[in-house]
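Q: Residue numbers (my numbering), protein chains in the order written: chain G, -16 to 471; chain V, -5 to 300; chain B, 20 to 158.
Honestly, the hints are just simulated from the structure, not real lab data.
Hints are not guaranteed to be accurate.
In silico DSS-like cross-links for lysine-lysine, where the CA-CA straight-line distance does not exceed 27 Å [to be verified]:
id: 1; chain 1: G; residue 1: K116; chain 2: G; residue 2: K269
id: 2; chain 1: V; residue 1: K118; chain 2: B; residue 2: K85
id: 3; chain 1: G; residue 1: K269; chain 2: B; residue 2: K85
id: 4; chain 1: G; residue 1: K6; chain 2: G; residue 2: K74
id: 5; chain 1: B; residue 1: K85; chain 2: V; residue 2: K94
In case you want the letters, here they are:
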Amino acid sequence: METGNGKATPLGSSERYKAGVLKYAEMGYWNPDYEPGDTDVLALFRITPQDGVDPIEAAAAVAGESSTATWTVVWTDRLTAADSYRAKAYKVEPVPGSPDQHFAYIAYDLALFEPGSIANLSASIIGNVFGFKPLKALRLEDMRFPAAYVKTFDGPPTGIVVERERLDKFGRPLLGATTKPKLGLSGRNYGRVVYEALKGGLDFTKDDENINSQPFMHWRDRFLFCMEAVNRASAATGEVKGHYLNVTAATMEDMYERAEFARDLGSVVVMIDLVIGYTAIQSMSKWARRNDMILHLHRAGHGTYTRQKAHGISFRVISKWMRLAGVDHIHAGTVVGKLEGDPDMVQGFYNVLREPHNPVDLQRGIHFEQDWAGLRKVMPVASGGIHAGQMHQLLHYLGDDVVLQFGGGTIGHPMGIQAGATANRVALESMVLARNEGRDLWAEGPDILADAARDCSPLKAALDTWGEVTFDYTSTDTSDYVPTPTPA
Amino acid sequence: MTGGAPPADRPLDLAAALAESGVDELLATLDAELVGLAPVKRRIREIAALLLVEKLRLQVGLSAGPPSLHMSFTGNPGTGKTTIALRMAEILHRLRYVRKGHLVAVTRDDLVGQFIGHTAPRTKEVVKRAMGGVLFIDEAYFLYRPENERDYGQEAMEILLQVMENDRDDLVVILAGYKDRMDRFFASNPGMSSRIAHHVDFPDYGQDELYAIAGLMLEKMQYRLSDDARTALGEYIERRRARPSFANARSIRNALDRARLRHADRLFGAAGEPLSREALMTIEASDIRASRVFSEAAATAEESTP
Amino acid sequence: MRLTQGTFSFLPDLSDDQISNQIEYCLENGWAVSVEYTDDPHPRNTYWEMFGNPMFDLRDAAGVMKEVSAARTTFPNHYIKVNAFDATRGVESLRLSFIVNRPDPEPGFGLVRQEVDGRAIRYTIRAYATDQPEGERYQ
Chain G
-16 METGNGKATP LGSSERYKAG VLKYAEMGYW NPDYEPGDTD VLALFRITPQ DGVDPIEAAA
44 AVAGESSTAT WTVVWTDRLT AADSYRAKAY KVEPVPGSPD QHFAYIAYDL ALFEPGSIAN
104 LSASIIGNVF GFKPLKALRL EDMRFPAAYV KTFDGPPTGI VVERERLDKF GRPLLGATTK
164 PKLGLSGRNY GRVVYEALKG GLDFTKDDEN INSQPFMHWR DRFLFCMEAV NRASAATGEV
224 KGHYLNVTAA TMEDMYERAE FARDLGSVVV MIDLVIGYTA IQSMSKWARR NDMILHLHRA
284 GHGTYTRQKA HGISFRVISK WMRLAGVDHI HAGTVVGKLE GDPDMVQGFY NVLREPHNPV
344 DLQRGIHFEQ DWAGLRKVMP VASGGIHAGQ MHQLLHYLGD DVVLQFGGGT IGHPMGIQAG
404 ATANRVALES MVLARNEGRD LWAEGPDILA DAARDCSPLK AALDTWGEVT FDYTSTDTSD
464 YVPTPTPA
Chain V
-5 MTGGAPPADR PLDLAAALAE SGVDELLATL DAELVGLAPV KRRIREIAAL LLVEKLRLQV
55 GLSAGPPSLH MSFTGNPGTG KTTIALRMAE ILHRLRYVRK GHLVAVTRDD LVGQFIGHTA
115 PRTKEVVKRA MGGVLFIDEA YFLYRPENER DYGQEAMEIL LQVMENDRDD LVVILAGYKD
175 RMDRFFASNP GMSSRIAHHV DFPDYGQDEL YAIAGLMLEK MQYRLSDDAR TALGEYIERR
235 RARPSFANAR SIRNALDRAR LRHADRLFGA AGEPLSREAL MTIEASDIRA SRVFSEAAAT
295 AEESTP
Chain B
20 MRLTQGTFSF LPDLSDDQIS NQIEYCLENG WAVSVEYTDD PHPRNTYWEM FGNPMFDLRD
80 AAGVMKEVSA ARTTFPNHYI KVNAFDATRG VESLRLSFIV NRPDPEPGFG LVRQEVDGRA
140 IRYTIRAYAT DQPEGERYQ
């Protein structure tokens, strides 16, 4: 009954169900001959076994603890079709360049999951197993959902295409900014920032993740002042404008109340934080679908479990879950800004959110082919430490279907907030114009910006202020297959 | 073309310009792949030379304005008008006379509508699709029906005339058809005639040329003729040319297609014997001599079935 | 006031060469290009008048430019925009849309506020131009 050779000897049923403790591999959670079916849910874990623990046994343990197993044999298994309910680790391979880590591929029968429930899916896959003692560390790297399962989710209430049609904005990334300072502004002053930024040329402004209903600004007040600003800016420009009104609150009842008020005031978008939980997110998604509302998700808190490469959940998986759960916007990294984000990894997240179908793309961390079965596309949001001087890099890395959020890069402009917004919009439009003309953004980007700045003093001032600012730190969550430096 | 112009006394290298344009390459393929058509090829060469020289003249500050290149291709069916039009589009593209180099081939039905108000949008749509390339109008004389003064073709003609005059930079129009009918068409449409800079006549192919064409076609299709079949093909061509429905290269193509059918049928009839690669390739005299051209008097009308 | 709908409204008005380059980009991508005009540029006015059907299967921008210039001749004081439509499955929507003609001056919009319960306000955006009947707005 050696397991290290990759072959677990199947036990006879009398031996298999004798009371006592068996290795997980022997209990049927390791099956190297298993060929995943079209309707199986697949998961890829990065496992770091404790010293002396066989990686195959560790993989089998993960399969067991994330499906039917407990630590000891139970005879009640025999009252079920246990063989099909058991998750199967079907492949274990060493992680390139990391001798103590292995990739474990595990297949789950579709019947193990409740239709359309991220809570149930996540409780199954990450419910127990991450504290399992024989493992030093465990990370959920990627998942594949069969079309049959994808179809049980409603997905994004609006999606990229319909969002653009509602906003009447095509052919370029959208522009946003988070109101700063994050905390302390009164509703009246807060709305001023919104108005200036939108009138200056941004499409959206945004509440920050922790703007809810604090003593300095209650939510109703914020909503009223912000919508005055949005409508004034819309009249001044003839464009549809929006402010992500954060409806995150202590209870669903509070969130519904806030969302309904936002709707009644004519807002096109509301916002929630990831920390409200998967069930609340799905509830808000249903609400947004009923009310023709764009649903913006701030990924507040994700860094606690997505950032470290050895343990936690890859943001790629969170992205897939959120596309299923149904949000329209999600913060997914900038590549060039102040927050963590290796270019390959970030592009992988974007592809998962935006493409109708993902082929296997190891360099970008995508280990499974995924057919999204017509599920709408999520608009990624790039936010955190980006400025107009990086416009060519942002367009190059992130493409058109993205919201570029310049908070400090708008509000901190030396000539004022409107000028900051105008600088960003002019930089963006001139870059898109040049790209469409066939110019090489990577090589000519700074020249294109400098040319555009000749007709636009706000852009000139922005480039003079931030042109040299970069956040050049090594990423922690990087590709296992191609070493790529974080670009300046 | 200003500022950087070389001094007028510096000799310009026509050969180098030709090589650089890549046109000589195209002309060479034209020679290799298209049998005969000597006057047509000569005319194409002249047009290419004109455009090249015009480019060089521009470099030294001489300009007569871009030449008009609308053409008429006249000749019997199967004399290579469409093929040459395709090559012409490529050549004009290499010489940057047209920007894209595609060919849009249409007939009256594509341009002229059935109802009032139908024709102008149709014609304009075709013209817009052809912009950047060549608009090839086959049997152009059908556009004009002098016996019916309410014919909508007149509307299409007017739009074409306007486009040929005003949008010369954007497209080249080639009108094609039988020589006699085109002559009559031009005679009754002096406006159209005056906008056509090049009249190119496609002569019928001679016996030897048709035989060579057949050889090229067979080579492309990876067939060969047995010795007897060669003789038979020669005789076939002679008889076929004498028939009224003769359509030059197109008739040869059809004859070869029918010979392939008979070849396949013959192999099928002999099923059971092992087939060699040789047998799969070789057309025999019987595959050709089964044609009605041999069995009927040369004077009978249209040969419709094998 | 400058109406900033469309992809390039924050740049100086595009020259015909620049417009032509953008159309070339659209055609290279296989998008169908169309021309639309309006004298009611309300942000929610989705349906501008079509200046002819979308143009499919064009190879060169010159065909579209002809339509642009015909639209400008017919409606010199209207807003005119060029749209590019992508029929790819999963998109089936516009991929680019930019203004190529605008009235001078542009009167812009007023904001009408109706005060309702609990300090809430219902907003209506109204184009000053639409005080005049259609066709008589930008003289």
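Q: If a hint holds in the structure, say so; if it does not, say that too.
A: For each hint, the structure was consulted:
| no. | hint | in the structure |
| --- | --- | --- |
| 1 | K116/G - K269/G | violated, 39 Å |
| 2 | K118/V - K85/B | holds, 10 Å |
| 3 | K269/G - K85/B | violated, 47 Å |
| 4 | K6/G - K74/G | holds, 17 Å |
| 5 | K85/B - K94/V | holds, 17 Å |
Checked against the numbered hints given earlier, this structure breaks hints 1 and 3; the rest are met.
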